[in-house]
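The numbering used here applies: residue 461 is where the sequence shown begins, and numbers increase by one.
Hints were generated in silico from the structure; no laboratory data involved.
All of these numbers come straight from a predicted model, not from anything done at the bench.
Treat the hints with care, since some could be wrong.
Stated by the list, open to error - Quick list of the computed label-pair ranges, beta carbon to beta carbon: (1) His623 with Ala657: 20 to 28 Å; (2) Asp532 with Gly678: 41 to 49 Å; (3) Asp532 with Thr733: 20 to 28 Å; (4) Tyr837 with Arg534: 53 to 61 Å; (5) Ser602 with Gly475: 29 to 37 Å; (6) Glu699 with Gly475: 31 to 39 Å; (7) Arg534 with Gln616: 28 to 36 Å; (8) Ser747 with Asp545: 48 to 56 Å; (9) Ile485 with Glu699: 23 to 31 Å; (10) Gln616 with Glu588: 47 to 55 Å; (11) His623 with Asp645: 17 to 25 Å; (12) Ser654 with His623: 44 to 52 Å; (13) Ile829 with Thr469: 56 to 64 Å; (14) Leu785 with Gln616: 45 to 53 Å.
For every residue, glycine included, the Cβ atom is placed at its ideal position computed from N, Cα and C.
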Amino acid sequence: MSDSFREVTSVSWFGRIKRAVGGVIFGLLLIVLMVIGLFWNEGRAVQTARSLAEGAGAVVSASADSVDAANDGRLVHVSGPVTADSGLSDPDFGIAAQGLRLSRDVEMYQWKEESKSETTKKLGGGEETVTTYSYSKVWDDSQIDSSDFKKPDGHQNPPMAIHSRTFQIPEGKLSAFTLDTPVLDRIEGDKDYSLSANQSAAIKAAYSGTKPLGIVDGKIYLGADTSVPALGDYRIGYELAPLGVVSIVARQAGSRFEPYQTVAGDQLLMVDTGTVPADKMFAEAISANTLITWLLRAAGLLLLTIGFAFFLSPIGVILDVIPFLGSMARMGTGIIAFFLAILVGTTTIAIAWFWYRPLLAAGILAAGIIAAAAVYYLGRSRKAAAPAVVPGTGT
């Protein structure tokens with residue numbers, strides 16, 4: 461079931477100019493924040509790279525079968541199977557399982573508002589916006605606040621009484637070592653945990669609510685009709701992180717593991733599923749650091765472009781007195797914003813390189829100058845060695 465309605469709003473040319481001036485302030489603020497962010501990202505990348513290099517040179521392999529006091533305070537690499545003294549359970553529904561972590565994922569059937577706007581420029585600089593609000597019932601894992609809807613009447617959502625939760629063992633064992641929450645939180649490998657009809661009786665006995673309960677496709681369904689969900693019905697599924705072999709790189713503190721503080725500044729605590737050698741764990745961390753660095757650079761350049769576009773937006777608004785001219789101006793300012801973002805962004809990154817990696821930056825600059833000089837002198841030498849052409853002879 462869905463419904464919709466339309467709303468038409470208009471803004472005068474002077475109103476748009478006033479709004480564009482506010483956009484200039486926002487654009488300047490965004491530009492400043494992105495310059496700071498790009499500079500910070502280079503420092504973060506260098507610090508993490510140095511910390512990983514420091515850790516890779518300091519890590520020692522240790523056996524999980526016994527605690528070697530000689531390794532206390534050192535960065536160690538340990539692999540082995542994780543065991544638990546207790547099982548996992550969700551007391552609200554009587555679910556019991558053996559594993560590292562049991563996650564309850566709850567969805568409620570509720571109203572959701574979506575909007576779509578179409579804006580038309582008017583001769584004289586004004587602007588008319590037609591916004592269509594549509595309402596449909598969907599499954600969502602969080603409460604949708606229907607009081608914020610444009611048209612809340614007839615679309616009120618009931619309060620979400622059941623929420624997602626995670627049940628994790630308080631401690632684990634890795635042979636002679638004890639695993640605390642900071643380590644357990646980093647162990648991945650959660651998989652779908654499908655419920656069976658055999659568990660139905662225990663689930664119904666633990667459930668204290670009033671809605672009809674059933675097991676559908678391995679999930680708990682709270683509602684009268686699974687084929688035609690009603691407002692306020694629930695779907696509840698589970699994921700289980702099973703016990704298995706893990707590899708850990710961390711500071712040994714007695715029989716426990718803690719983050720290892722590097723001289724470079726980062727704290728190292730790495731956990732991977734399976735038997736993974738230390739050098740591979742560090743190689744994966746280095747690759748992840750490189751990927752994060754480039755993603756943050758790309759995001760910074762994109763937001764810089766948006767910032768410059770806001771800063772230049774009054775030009776297009778002023779020329780919107782004739783909509784065609786305004787559209788042409790926005791196309792031009794968009795291109796300018798892009799090139800300004802590239803210029804400012806790359807300059808910021810270059811300055812950050814000189815700040816955080818002066819020797820490497822100087823070496824790259826020197827290599828570039830030498831290469832340019834070599835190309836220049838090679839070109840001149842070839843020109844000087846070329847034979848002179850005698851007019852009229854072709855030689």
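Hints, verified against the model:
no. : hint                           : verdict
1   : His623 with Ala657: 20 to 28 Å : 25 Å, holds
2   : Asp532 with Gly678: 41 to 49 Å : 46 Å, holds
3   : Asp532 with Thr733: 20 to 28 Å : 26 Å, holds
4   : Tyr837 with Arg534: 53 to 61 Å : 54 Å, holds
5   : Ser602 with Gly475: 29 to 37 Å : 36 Å, holds
6   : Glu699 with Gly475: 31 to 39 Å : 51 Å, violated
7   : Arg534 with Gln616: 28 to 36 Å : 60 Å, violated
8   : Ser747 with Asp545: 48 to 56 Å : 36 Å, violated
9   : Ile485 with Glu699: 23 to 31 Å : 46 Å, violated
10  : Gln616 with Glu588: 47 to 55 Å : 31 Å, violated
11  : His623 with Asp645: 17 to 25 Å : 20 Å, holds
12  : Ser654 with His623: 44 to 52 Å : 21 Å, violated
13  : Ile829 with Thr469: 56 to 64 Å : 58 Å, holds
14  : Leu785 with Gln616: 45 to 53 Å : 47 Å, holds
Against the hints set out earlier in the document, violations occur for numbers 6, 7, 8, 9, 10, 12.
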